[in-house]
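K.L.:
Starting from the known structure of chain X, fit chain F onto it as the hints suggest.
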Amino acid sequence: MLRDTLTVLVIDENRIRASIIEAGLREAGHDRVILVHDVNGIARKIEDLQPDVIVIDLENPNRDMLEHLFQLTRTLGRPIAMFVDRADASSIQSAIEAGVSAYIVDGLKKERVKHILDVAVSRFNAFSKLQRELADAKSALEERKVVERAKGILMKMRNIPEEEAFALLRQTAMNEKKKLADIAQSIVTAANLLM
Amino acid sequence: MTTGISDRKKMAAPASMRSAGSRIVRAGFIPLVDASVLIAASEFGFAKREGITLDLAKDTSWANVRDRLAFRMFDVAHMLSPMPVASMLGLGSNPSPTIAPFALNRGGNAITVSTRLYQRMQETGGLSGDDGALANAHALAGVIAEMKAKGEPLPRFGVTYPFSSHNYEFRYWLAAGGIDPDTDTRLVVVPPPMTSDALAAGAIDGFCVGAPWNMVASERGVGRIVAAKQDLWPSAPEKVVGMRPDWAESNPETVSRLIVALDAAASWCDRPENRDALSEVLADQRYVGAPVDIIRRVLTGEFTIDPQGHQRIIEDYFVFHAEQANYPKPSQALWIYSQMVRWGQIAPSKAAEKLAASAYRPDLYRTALGFKDAVDDFGAEGVAENDRFIDGFAFDPASIETYVERFPVRSRAASSASDET
Numbered sequence: 001m002l003r004d005t006l007t008v009l010v011i012d013e014n015r016i017r018a019s020i021i022e023a024g025l026r027e028a029g030h031d032r033v034i035l036v037h038d039v040n041g042i043a044r045k046i047e048d049l050q051p052d053v054i055v056i057d058l059e060n061p062n063r064d065m066l067e068h069l070f071q072l073t074r075t076l077g078r079p080i081a082m083f084v085d086r087a088d089a090s091s092i093q094s095a096i097e098a099g100v101s102a103y104i105v106d107g108l109k110k111e112r113v114k115h116i117l118d119v120a121v122s123r124f125n126a127f128s129k130l131q132r133e134l135a136d137a138k139s140a141l142e143e144r145k146v147v148e149r150a151k152g153i154l155m156k157m158r159n160i161p162e163e164e165a166f167a168l169l170r171q172t173a174m175n176e177k178k179k180l181a182d183i184a185q186s187i188v189t190a191a192n193l194l195m
Numbered sequence: 001m002t003t004g005i006s007d008r009k010k011m012a013a014p015a016s017m018r019s020a021g022s023r024i025v026r027a028g029f030i031p032l033v034d035a036s037v038l039i040a041a042s043e044f045g046f047a048k049r050e051g052i053t054l055d056l057a058k059d060t061s062w063a064n065v066r067d068r069l070a071f072r073m074f075d076v077a078h079m080l081s082p083m084p085v086a087s088m089l090g091l092g093s094n095p096s097p098t099i100a101p102f103a104l105n106r107g108g109n110a111i112t113v114s115t116r117l118y119q120r121m122q123e124t125g126g127l128s129g130d131d132g133a134l135a136n137a138h139a140l141a142g143v144i145a146e147m148k149a150k151g152e153p154l155p156r157f158g159v160t161y162p163f164s165s166h167n168y169e170f171r172y173w174l175a176a177g178g179i180d181p182d183t184d185t186r187l188v189v190v191p192p193p194m195t196s197d198a199l200a201a202g203a204i205d206g207f208c209v210g211a212p213w214n215m216v217a218s219e220r221g222v223g224r225i226v227a228a229k230q231d232l233w234p235s236a237p238e239k240v241v242g243m244r245p246d247w248a249e250s251n252p253e254t255v256s257r258l259i260v261a262l263d264a265a266a267s268w269c270d271r272p273e274n275r276d277a278l279s280e281v282l283a284d285q286r287y288v289g290a291p292v293d294i295i296r297r298v299l300t301g302e303f304t305i306d307p308q309g310h311q312r313i314i315e316d317y318f319v320f321h322a323e324q325a326n327y328p329k330p331s332q333a334l335w336i337y338s339q340m341v342r343w344g345q346i347a348p349s350k351a352a353e354k355l356a357a358s359a360y361r362p363d364l365y366r367t368a369l370g371f372k373d374a375v376d377d378f379g380a381e382g383v384a385e386n387d388r389f390i391d392g393f394a395f396d397p398a399s400i401e402t403y404v405e406r407f408p409v410r411s412r413a414a415s416s417a418s419d420e421t
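As they're listed, the protein sequences go chains X and F. If you use our numbering, the first sequence corresponds to residues 1 to 195, in order. If you use our numbering, the second sequence corresponds to residues 1 to 421, in order.
Note that these hints are calculated values from the structure, not bench results. One thing to keep in mind: the hints can contain errors.
Claimed, not checked - Covered stretches of chain F, as calculated for chain X (at least 3 residues, CB under 8 Å):
1. 107-115
2. 160-167
3. 283-297
What the hints assert, rightly or not - Examples of chain F residues toward chain X, derived with CB under 8 Å:
4. F71
5. M73
6. G92
7. T183
8. V189
Stated by the list, open to error - Residues from chain X that keep clear of chain F, each with C-beta distances beyond 12 Å, as calculated:
9. E22
10. R26
11. E27
12. R63
13. Q93
C-beta: ideal position from N, C-alpha, C; glycine also.
Just chain F, same shape as in the assembly:
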């Protein structure tokens, strides 16, 4: 197997930095394919090369990951991209300052509905089976209108955590189709490994989670994939590495070494020739614990989207390194914040904006890697031809409130702006 580090000059880390002995970094993770970079860094020698021993600990819930990080049982953690933002804003039940100096990946999520609901979407919306994500959302809107007219119970959809990309992505997709997630559906939280069982049992009618669970549901014949994360906004960050700011401050060398190791691991994960080795390791019970065949196909984005065997290949379904995927861009933290405002999780204010942006730390990324490329940290998002949002709206971090108000579908609680805090 090629480790591919030799061709990469690590100019960033001066010789003096790698003199000390091995340091142990305790890292929490949730068994998902997007923990790949952390797992590869540990399994394929990238951490070791930087004098780091990654002590990986598998956990069961995002709340646990957050708490164990806050209470110093983990040094760093695999986190949902909105978690550090929520923590900086003091949202959630145990907020403790958390920063992200490195993003772990893009992509990986999808929205799946039950085969039963999809059938109805086909009947009502005249779907052919190869329709785009927006057409699927419009078809769902038609079904919900019908359900309301007939007095049927509204569909229940599962997401993973209140401050998750999945929550905001599901809401974004629904709203793009003209569906109000708060009044037209019921959003509930379902732990990812239980999603396909919950769908099969009829406890939920759809869900938005990370890999491999969408593919697992469609392979089992209980679900139909109707949108991928890429359909909503291609460059949206998915998971990040979170850490306490005080830990980062007192361990600058370790932070730098860790970023260098993760950068090398991410680059390795991106190479097609390494995907087999990666799949084998991820399939292990210590990590994701899902069939190796499904993981391999998930990594390449070869989807069986329905029980009839419809195929869809999603280009770059997982991006671990390319296109500056690891750069923790403050404008993206601000986009997450804009969705928190949109759905009434927080009242908008300039102070909150500042806190939200401070969750992502490109300065640490730049220092560790000697990264000199110009990046507009506060530039507009969704502007480039190949990086549009599903509804065509562009995000300008300079005028967040205006941006939020332009959405026809948003939480009513969100509209009252206060600039006091």
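So that you can see chain X by itself, here it is in the shape it has in the complex:
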């Protein structure tokens, strides 16, 4: 059972996140990392690769499929689901919040697995942050577009300059205690209906 490097299998349908995890694990010195995006034929792959640790995201409904597989395959020993160490409540919390679960094969040293899981957790979090930032940037861009269109509509309909149109939007938002983008959106919607 004692091998120098552990084989880590990462099951994640999200390719970008999987590569981020892989990069993290490699940086941390684990070079036997295999990524799987599609769970079709996973039983065969697990048998061939004999991974020591399997990392899977918690939102993956195929987790139940893995559980079934572990019941059937004796080759893997008895993999157990873990979030690091049962007694280590804060690690469990952070793993679940990040959305990571891992299965380890009996007989492994806890510290080594903990290290792998810590890397996975931090990479999962990094990915979520990235996604959040991307979503924020996207919606900021969308908002700006809507405001521009609303401004254009006001300029045309009221025959006022751009600055005045913008001031009107902002004043209305303040008066109604709403976001500028929401006011702009209702102008665009109304204009679409009326014109």
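P.N.:
For chain F alone, kept in the frame of chain X given last:
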């Protein structure tokens, strides 16, 4: 809408119990119609009346539900009836003690095969289209024999989880028809919402899951329903409320209040006049997220069983409360255990029997509701005229090993009994 609580005296809960403020109970669930009682308790005020705020969290897999309960992220959870039994027996990849003081429903499951496979069953077995579940199983046995003779790949069937009612029910049905699930078929796990897609794509040839997914497949024209849970064993429990024994011990009041709330919600769910309101709520994306029309028909058991529009009305397809459906009967936990033994998931022993029976806790149910009716907790199952198993075998919890050995089809690994543990 009628809430129907006023006519029910809750004698069980003394006044002092409802004095404290609201307590939050975090409850995990999987988007299925049989989460109805938990959802209704939260949506229609039953939990609130008992001073409980149910914080419902939708999850994606049974393994997640099990782990989140074990790691204290949920207080209680919607669980498959075999899950607490498996947990008590230390089976599965993260077993942690779990008890069930309340059963959520009976029924709701069905077995569906692809229209292609059903056509073949008709040709080989001479099925008319209105045949019983056992006749369908025999017809499938004929098709499998033919497949083997021709060297065709064996059919692949989907279940939901290794310790699921679906797994044991599918196996029971197959075996009743003379089919060995381990050597004559390939059982795989498919997440319920993906079953009809998997069937359409030919990735599987059939499946056993809960509502509404069987109806969804038949409505889409890709599947044919060949057996309902009721055909296999009418009073089989389906889902239960699971919790950690240590949580139950340190929160006895909350447990009692929760059971009272669930009992009232279950009774409400059973009333036909409430089914429309229930369907509307279940259809919401926060819960099951399936068409309201399908959910309404699933609740009443009005089935379109095939793409040609054959109808079948299954009486009591869902039972949430009637006939003591909520009573967590240890004999039923033991029946689940007997199937675990039958299929080689565990070696039989007296110690294991004890652990299995301890998963279901009628004592907590009785205390909470002041329930005094006599129930034979360890009585035989499948004896009453209207409660037979599909193969006619009766289950006697007093002699489980004999019971298992009587099955002509069972796992070979299961036969070696050890009484050491």
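K.L.:
None of the hints should be skipped; say for each whether it holds.
P.N.:
Hint-by-hint comparison with the structure:
no.: 1; hint: 107-115; result: violated (count 0)
no.: 2; hint: 160-167; result: holds (count 3)
no.: 3; hint: 283-297; result: violated (count 0)
no.: 4; hint: F71; result: 5 Å, holds
no.: 5; hint: M73; result: 6 Å, holds
no.: 6; hint: G92; result: 7 Å, holds
no.: 7; hint: T183; result: 13 Å, violated
no.: 8; hint: V189; result: 4 Å, holds
no.: 9; hint: E22; result: 23 Å, holds
no.: 10; hint: R26; result: 27 Å, holds
no.: 11; hint: E27; result: 28 Å, holds
no.: 12; hint: R63; result: 4 Å, violated
no.: 13; hint: Q93; result: 8 Å, violated
Comparing the model with each numbered hint stated earlier shows that hints 1, 3, 7, 12 and 13 do not hold.
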